[in-house]
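Visitor: For the record, the sequence lines run as chains A and B. Under numbering that gives the first Met the number 0, the first residue of the first sequence is numbered 0, with each subsequent residue one higher. Under numbering that gives the first Met the number 0, the first residue of the second sequence is numbered 0, with each subsequent residue one higher.
Hints are computed from structural coordinates only; laboratory data are not their basis. Remember, predicted model here, so these are calculated numbers, not experimental data. Misleading hints may appear alongside valid ones.
[Claimed, not checked] Selected chain A positions facing chain B (in silico; Cβ < 10 Å):
1) ILE114
2) ALA119
3) VAL132
4) PRO137
5) ALA147
6) SER154
7) VAL155
[Unchecked claim] Calculated Cβ distances over 10 Å to all of chain B for the following chain A residues:
8) ARG50
9) GLU96
10) TYR296
11) SER318
[What the hints assert, rightly or not] Label pairs and their computed distance ranges (CB to CB):
12) A:ALA18 x B:ALA110: 33 to 43 Å
13) A:SER277 x B:GLU241: 24 to 34 Å
14) B:GLU174 x A:TRP288: 55 to 65 Å
15) B:THR202 x A:ARG10: 45 to 55 Å
By construction, the Cβ of each residue, glycine as well, lies at the ideal position given by its N, Cα and C atoms.
2 protein chains.
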Amino acid sequence: MSTTAATARVRERLEDYGAAARVRMREYLREGQSRHEFYALVSDYPERGGRALRASLCLATARAFGAHPTEALNSAVALELLHNAFLVHDDLEDESEERRGHPTLHLRHGAPLAINAGDALAVLSLRPLIENVGMLGPRLTLRILEEAERMARESVEGQALELWWRQHHVLELGEVDYLRMVLKKTCWYSTIYPMRVGALIGTRDGVKLDRYLHFGFFVGAAFQIQDDLLNLVGDEARYGKELNGDLWEGKRTLMLIHLLNVTAPDERARLSRVLGTSRAARTGEEVRWIRERMEQYGSLDYARQVAHGLAGAALHEFSRVFAELPDSPDKDFLEALPTWVIERT
Amino acid sequence: MSTTAATARVRERLEDYGAAARVRMREYLREGQSRHEFYALVSDYPERGGRALRASLCLATARAFGAHPTEALNSAVALELLHNAFLVHDDLEDESEERRGHPTLHLRHGAPLAINAGDALAVLSLRPLIENVGMLGPRLTLRILEEAERMARESVEGQALELWWRQHHVLELGEVDYLRMVLKKTCWYSTIYPMRVGALIGTRDGVKLDRYLHFGFFVGAAFQIQDDLLNLVGDEARYGKELNGDLWEGKRTLMLIHLLNVTAPDERARLSRVLGTSRAARTGEEVRWIRERMEQYGSLDYARQVAHGLAGAALHEFSRVFAELPDSPDKDFLEALPTWVIERT
Numbered sequence: 000m001s002t003t004a005a006t007a008r009v010r011e012r013l014e015d016y017g018a019a020a021r022v023r024m025r026e027y028l029r030e031g032q033s034r035h036e037f038y039a040l041v042s043d044y045p046e047r048g049g050r051a052l053r054a055s056l057c058l059a060t061a062r063a064f065g066a067h068p069t070e071a072l073n074s075a076v077a078l079e080l081l082h083n084a085f086l087v088h089d090d091l092e093d094e095s096e097e098r099r100g101h102p103t104l105h106l107r108h109g110a111p112l113a114i115n116a117g118d119a120l121a122v123l124s125l126r127p128l129i130e131n132v133g134m135l136g137p138r139l140t141l142r143i144l145e146e147a148e149r150m151a152r153e154s155v156e157g158q159a160l161e162l163w164w165r166q167h168h169v170l171e172l173g174e175v176d177y178l179r180m181v182l183k184k185t186c187w188y189s190t191i192y193p194m195r196v197g198a199l200i201g202t203r204d205g206v207k208l209d210r211y212l213h214f215g216f217f218v219g220a221a222f223q224i225q226d227d228l229l230n231l232v233g234d235e236a237r238y239g240k241e242l243n244g245d246l247w248e249g250k251r252t253l254m255l256i257h258l259l260n261v262t263a264p265d266e267r268a269r270l271s272r273v274l275g276t277s278r279a280a281r282t283g284e285e286v287r288w289i290r291e292r293m294e295q296y297g298s299l300d301y302a303r304q305v306a307h308g309l310a311g312a313a314l315h316e317f318s319r320v321f322a323e324l325p326d327s328p329d330k331d332f333l334e335a336l337p338t339w340v341i342e343r344t
Numbered sequence: 000m001s002t003t004a005a006t007a008r009v010r011e012r013l014e015d016y017g018a019a020a021r022v023r024m025r026e027y028l029r030e031g032q033s034r035h036e037f038y039a040l041v042s043d044y045p046e047r048g049g050r051a052l053r054a055s056l057c058l059a060t061a062r063a064f065g066a067h068p069t070e071a072l073n074s075a076v077a078l079e080l081l082h083n084a085f086l087v088h089d090d091l092e093d094e095s096e097e098r099r100g101h102p103t104l105h106l107r108h109g110a111p112l113a114i115n116a117g118d119a120l121a122v123l124s125l126r127p128l129i130e131n132v133g134m135l136g137p138r139l140t141l142r143i144l145e146e147a148e149r150m151a152r153e154s155v156e157g158q159a160l161e162l163w164w165r166q167h168h169v170l171e172l173g174e175v176d177y178l179r180m181v182l183k184k185t186c187w188y189s190t191i192y193p194m195r196v197g198a199l200i201g202t203r204d205g206v207k208l209d210r211y212l213h214f215g216f217f218v219g220a221a222f223q224i225q226d227d228l229l230n231l232v233g234d235e236a237r238y239g240k241e242l243n244g245d246l247w248e249g250k251r252t253l254m255l256i257h258l259l260n261v262t263a264p265d266e267r268a269r270l271s272r273v274l275g276t277s278r279a280a281r282t283g284e285e286v287r288w289i290r291e292r293m294e295q296y297g298s299l300d301y302a303r304q305v306a307h308g309l310a311g312a313a314l315h316e317f318s319r320v321f322a323e324l325p326d327s328p329d330k331d332f333l334e335a336l337p338t339w340v341i342e343r344t
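Bound conformation, chain A alone (with noise of 0.2 Å):
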C-alpha cells in the first residue's frame, strides 16, 4: 500500500467514526445543557472537533475484531469526553494559549471554571461506561471499567512526570525517559487503551490484552513525537496551537532532551539558564535561539528519525499480532495508521 493511499484511508476512517462518536457525545452533553448554562462552557473544546482518534481506534478494533460498531460507540465516547477533560487541564498546568485553532478555556473563562469544567467532562466519561451494562452486560462493563481505571491512572501519573521535569527543572534526561513518560502520558489513552477496549468487546473478554502493547506503544509514541514536531515547524492554522508553544512552555520533547544531551557546555548553561525561567520571563528571542540551536544540532532530524523506527517497529507488531484476523477495512486501517502518523501535517 503506498503512503497515500494509506493515509488516505485513515483520513475516510476517521470521518467515518469520528462523526458517529461526535453525534453520540452531544446526546450525552445536551442533557446537562439543560440543567445549566455553565454546560456550554463544558462543551466548548468538544465542540471544536478534533479528529477522534481515539475513538476511531477503538471503534475500528471492536470492528476487526468482530464486534457490531454500535457495541463499542459508548466506550468511544467515554474516551473522547475524558481526552477533552485532559485538554483542559492540560492546558491549564502548560499555560497553552491556544486549541483548536481558538483561546484556551481558561483564557476564555478563567482558571476557577476551566478546572472545574475539566472535572466534569472527567465525571460525564464515567457514564457511558457504566451504560455499557445494557449491550454487554456486567462483566464486561466491569472489564471495561478496570481498564480504563488502569488508562486513566496511567495517564495522570505520565502527565505528572512531565510536570515535575518542568518544575523542578530537570535536565538530565535521555530518550528512555521520554519514552516512558510518552507511554504513560500518550501511548495509554491514545492508542493502548482504545485498542485493548476494541479487542475486549470484540472478543468477549476473550483475549490476552497484553499482546496488543507493544504496537498501541509503538504507533503511540510516533505520534506524540510527530506532534512535537508540528509544533515546531507546522502550518499555524492547520496545526490549532501556536508554534513554538513547546519551547515557551519549555515542555520537555524528544527534541529538547536530545539538545540538551548534545550541545556545547556553555551553550547548554544558556539553555539551563533559559528553561529555569517562567513561561512569562521567557523572551522571544531565547524561544528563537533554543529553535535555531535544534536545527544546528539537527535534533528534529534526530526526533524525525526516531518516530520513523517507531512506526516501522509499529508496522512490524502489527503483522506480529493482528494478521490472525480476518481481512476487513478496519484492519487495513489498523496497519495504515503507523504510515499516517508521521505522514500527517
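Got chain A; can you put chain B on it based on the hints?
Guide: This is chain B only, laid out in the frame that chain A set:
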C-alpha cells in the same frame, strides 16, 4: 439524649470509622508511592487528617442496615479519596491559602502539579469501587458506580454554580438558590450519597433510596451553613482554614446572601463594588466592613436559625424513615448527627 451525649457519641464513632478508613486509604496511596515521588503530593491532603465524616456515614448506614462493616469499607475509602480530590481543586478555584492548618497544595507545589494531584486522587477513587466486585458481586458493584457517577456529577454542577455566581458577579440570590446550590455541591457527596451507598450495601439493593434523600439534604445543608459560620467566628487553630477566608473569596454564603437582601441601598452598592473586585484587590478594611455589616443586620443569627431549623427537620425525617431499623449504635449515630452538626465548633 442530651446534646453533649449526642456529640460524644458522634465523635467516638467518627474516630473509630475514620481510623479504619484511613488505614485502608493508605494502602491505596502507598501502592502509587512505589511508582513515583509525585505520590507524596497526592498523599498530602489525605495525610493531614480530617474527620472522615463521609466515610463514617457510609460505614454506619451500611451497618445500621445489617451489613458487615468491611463490606462498605471500599466505598467509604473511595469517597474520602474523592473528597480530597475536590478539596485540592476547590482550594485552587477559591484561591484558598490554608487547609487543615497548613498551606494549600497549590501554594506548596504550584497550580500545575496541584491540578494534576487532584485529578490523580479522583482517578484513585475509582479503584476501590471497582474492587467491590470481589465482595459484592458485579450487579451491586455497578449499582454503586451508578450512584457514584450521579453524586460526582451533582458535586461538580454545584461547584460550577457557586463559581459561576462569583465569576459573573451574580448578586440577585435568595435562600432557595443557596439551598439548591448546597444540595448539589455539598449534600450529595457529603451526606446523601454515603447513606444511599450504605443502604444499598446493607440491603443488597433492596430499598428505595429516595426515601433517605431528605434526611441527607437537611443534615448536609445544616453542616455547610455551620461550616461557613465557623469560617467567620471559629477558632482558627481548630478550624484549620484562615478566618474570614470566605469574605476574602467573595463566597456566596447564606450570610452574604442575607446581607445582600436586607442591607440599605447605599451599603448594598458598596458591597457590590467590593465583591466585584478580585481577591487580590480586596482590602482587610473592606473585609472587616462586610463582617461588621453582617453583625449589624443579624446575618449570622439568621443563618444559625436556618441551620437549627434544618437540623430539626432532619430529626423529624429520622424518626419518619429510620424508625423501622433495629436499635444499634450505628442507628444512634445517625440520630445524633443533626445535633452534632450544629453543635460543633
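Visitor: Hint by hint, note whether the structure agrees.
Guide: Each hint, compared with the structure:
1. ILE114: holds (5 Å)
2. ALA119: It holds, given that the least Cβ distance between ALA119 (chain A) and chain B is near 5 Å, below 10 Å.
3. VAL132: It holds, given that the least Cβ distance between VAL132 (chain A) and chain B is near 6 Å, below 10 Å.
4. PRO137: Interface hint status for PRO137 (chain A): holds (4 Å vs cutoff 10 Å).
5. ALA147: holds (8 Å)
6. SER154: Holds - the Cβ of SER154 (chain A) comes within 10 Å of chain B, reaching about 8 Å at its closest.
7. VAL155: Holds, because the Cβ-Cβ distance from VAL155 (chain A) to chain B comes to roughly 5 Å (cut-off 10 Å).
8. ARG50: Non-interface label on ARG50 (chain A) holds, nearest chain B Cβ at 24 Å vs cutoff 10 Å.
9. GLU96: Fine: 15 Å to the nearest Cβ keeps GLU96 (chain A) off the interface.
10. TYR296: About 28 Å separates TYR296 (chain A) from the closest Cβ of chain B, which puts it past 10 Å; holds.
11. SER318: With a cut-off of 10 Å, SER318 (chain A) remains clear of chain B, as the shortest Cβ separation is near 33 Å.
12. A:ALA18 x B:ALA110: 33 to 43 Å: For ALA110 (chain B) against ALA18 (chain A), whose Cβ atoms are near 36 Å apart, the range 33 to 43 Å holds.
13. A:SER277 x B:GLU241: 24 to 34 Å: Holds: the Cβ-Cβ distance is about 26 Å, inside 24 to 34 Å.
14. B:GLU174 x A:TRP288: 55 to 65 Å: For TRP288 (chain A) against GLU174 (chain B), whose Cβ atoms are near 60 Å apart, the range 55 to 65 Å holds.
15. B:THR202 x A:ARG10: 45 to 55 Å: holds (53 Å)
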